[in-house]
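Student: Here is what each chain is made of, one letter per residue.
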Amino acid sequence: MQTRNASPRIDEERLTRIRDFARGVRTSSLIQAEVQGQGYIGQALDLSDIMAVLYGDQLAYDPADPAWEDRDRCLMSMGHYALVLYAALAEAGILPKDELKTYAGDDSRLPMSAMASYTPGVEISGGSLGHGLAVANGVALGLRRKSSEAFVYNLLSDGELDEGSTWEAAAVAAHHRLDRLIAIVDFNNQQADGKSQHMLGTEPVDAKFEAFGWTARRVDGNDVEAVLNALIELRNEESERPRVLIADTKLGKGVSFLEQREKLHFMKVSDEEWDRAHDELREGHTA
Amino acid sequence: MNAQRLTSDAMSASIAREGQRTISAPLGHALVELAERNPDVVGLSADLAKYTDLHVFRDAMPDRFYQIGMAEQALIGAAAGLAQEGFVPFASTYSVFATRRAYDFLALDVAEAGLNVNMVCALPGLTTGYGPSHQATEDLAILRAMPDLTIVDPCDAVEIQQVVPQVAAVQGPTYTRILRGRVPAVLDEYDYEFELGRAKMLRDGADVLLISSGLMTERALEAAKELEADRVDVAVLHSSTLKPFDAETVLREVARDRLVLTLENHSVVGGLFDATAHVLVENGQARKVHPVGLPDEFLDAGALPTLNDRYGISTDMVVRKIKSLL
Chain A
0 MQTRNASPRI DEERLTRIRD FARGVRTSSL IQAEVQGQGY IGQALDLSDI MAVLYGDQLA
60 YDPADPAWED RDRCLMSMGH YALVLYAALA EAGILPKDEL KTYAGDDSRL PMSAMASYTP
120 GVEISGGSLG HGLAVANGVA LGLRRKSSEA FVYNLLSDGE LDEGSTWEAA AVAAHHRLDR
180 LIAIVDFNNQ QADGKSQHML GTEPVDAKFE AFGWTARRVD GNDVEAVLNA LIELRNEESE
240 RPRVLIADTK LGKGVSFLEQ REKLHFMKVS DEEWDRAHDE LREGHTA
Chain B
0 MNAQRLTSDA MSASIAREGQ RTISAPLGHA LVELAERNPD VVGLSADLAK YTDLHVFRDA
60 MPDRFYQIGM AEQALIGAAA GLAQEGFVPF ASTYSVFATR RAYDFLALDV AEAGLNVNMV
120 CALPGLTTGY GPSHQATEDL AILRAMPDLT IVDPCDAVEI QQVVPQVAAV QGPTYTRILR
180 GRVPAVLDEY DYEFELGRAK MLRDGADVLL ISSGLMTERA LEAAKELEAD RVDVAVLHSS
240 TLKPFDAETV LREVARDRLV LTLENHSVVG GLFDATAHVL VENGQARKVH PVGLPDEFLD
300 AGALPTLNDR YGISTDMVVR KIKSLL
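These protein sequences, in sequence, are chains A and B.
Position 246 of the first sequence, counting from 1, maps to 245 under numbering that gives the first Met the number 0, and the rest follow consecutively.
Position 31 of the second sequence, counting from 1, maps to 30 under numbering that gives the first Met the number 0, and the rest follow consecutively.
Calculated from the structure, these hints are not laboratory results.
Mixed in with the good hints there might be a few duds.
Chain A stretches covered by chain B per the calculated footprint, using a threshold of three residues with CB under 8 Å from any CB of chain B [to be verified]: (1) 37-50; (2) 81-89; (3) 140-153; (4) 167-179.
Okay, the calculated beta carbon distance ranges per label pair [stated by the list, open to error]: (5) Y117/A x G18/B: 52 to 58 Å; (6) Q284/B x L199/A: 31 to 37 Å; (7) D295/B x Q259/A: 53 to 59 Å; (8) D219/A x S132/B: 45 to 51 Å.
C-beta atoms are modelled at their ideal positions from N, C-alpha and C, and glycine is treated no differently.
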């Protein structure tokens, strides 16, 4: 069982533990993408550090009981990021690691787009973008009715900021003073048709959330220490405002040739490249 | 036919006729009664509590009511989240907004997840003269193809009060078409009890079978009474649950040699007529069935009595139609 770690003390041991967890998430993400030969590996790698801070440090959960009533709820809106969620759940001991190789296969519990009805530990069915924050509001209202101490995290992509429903939900969260709701926007600036800010300019995102009545922080989403620090601050802040972390991330983070590749929403990776990717992750970690 | 000049009151006023026995805000009162017994029941609305009778619940139990604002997607998302945490939400708005605007949220956050969210939506079919923006003439067509959704089209206040606890007891999503304000009380005269998924014979008759749902059942019963004078013996089968549809009862009643009509406060596309035809064809009992319902077009704005006549769903027009077919 991982309890809620409210301590603001950040030392090397804590950071090392989270970085180890992140390496595990990246490796587990690669294992899944490799089975398919392609996929949302760029997004999985960019979100791995955030997932490690959450599942390796911040979230309360019980691997033996994914539906444990007092757990923190982590709702992933962008269902196509499923592989990094499964990777984190596997590193957390909620899913067996052996199962990762079934990713996106027939009759697998790990579909290409994450769905609560398929997978233990997956809280909502994402995929149709712009839904997660609306559902997170209801979960937060429900937890408040139960006088629960649990927090609700909503992971959303920067593309979901194009959806009007995200902003409807942002207004509702502030109106109902959902101070145990923490949204995390993966700002990798990549959508299906190109750079997010070329599709629909949504900046300044932090100022927009502030104007909607939220407390916003913006950090490098691949800097484990910065993410941890921001999430601790947001959780401990004394206010009735909902909170959001805008995390600027790098698509393909941790595997150099994927970081440098032409940025794509859905990446193809050749057979040899998977070995190189695994090598880099191993070396990167020991370096 | 209504020759009198009608004011805008007639666009949205109570569907009850002058002097008719009514019950006020049956949804709101039934929900309060249910919530007194079940502490998990909560209510939500998208700026339409007052116009869906949910204000009765809001005023009786303010700490169990959530105002979401005029944001139907956020309404259904919030209801899904509350249901996920074990609550039994009743969410209200107009049928048009729930179905056209928030369909994706109802489909994926509620129905696919199998959550106990109960949509209670006002202004079904032709119950307002505001025109297509407010007239949910195709809500059943939109929703019938949604897997796992229970759909109910109650006739009157008596039935609405019985439907509320039964949809709450369904371990999955439901959609109920609500009549609001002073709602006629009709079915208590027929010793009726609502049973989810069951169509019920309200009166038997040898010459004509009317299969109806929603407020058209009241008009079917009135038409049947009027036709008695012409010695036409009319049966009325009330099928308020559109999904799951009571195929067994419909097949049994249609098998008798009678003129068959369906009556619905909905487009003739995708509602009760289609559900009936589907069951008959699928079971090899295809036969002529005459649809009475709203035409496959965007309806005019205007006064309800005028429009009910224009589109053939007033009692007078139903009587005429039956006579023309005999």
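Student: For each hint, tell me whether it holds in the structure or not.
Tutor: Evaluation of the provided hints:
no.: 1; hint: 37-50; in the structure: violated (count 0)
no.: 2; hint: 81-89; in the structure: violated (count 0)
no.: 3; hint: 140-153; in the structure: holds (count 5)
no.: 4; hint: 167-179; in the structure: holds (count 6)
no.: 5; hint: Y117/A x G18/B: 52 to 58 Å; in the structure: holds, 57 Å
no.: 6; hint: Q284/B x L199/A: 31 to 37 Å; in the structure: violated, 54 Å
no.: 7; hint: D295/B x Q259/A: 53 to 59 Å; in the structure: holds, 57 Å
no.: 8; hint: D219/A x S132/B: 45 to 51 Å; in the structure: holds, 47 Å
Of the numbered hints given earlier, the model fails hints 1, 2 and 6; all others are met.
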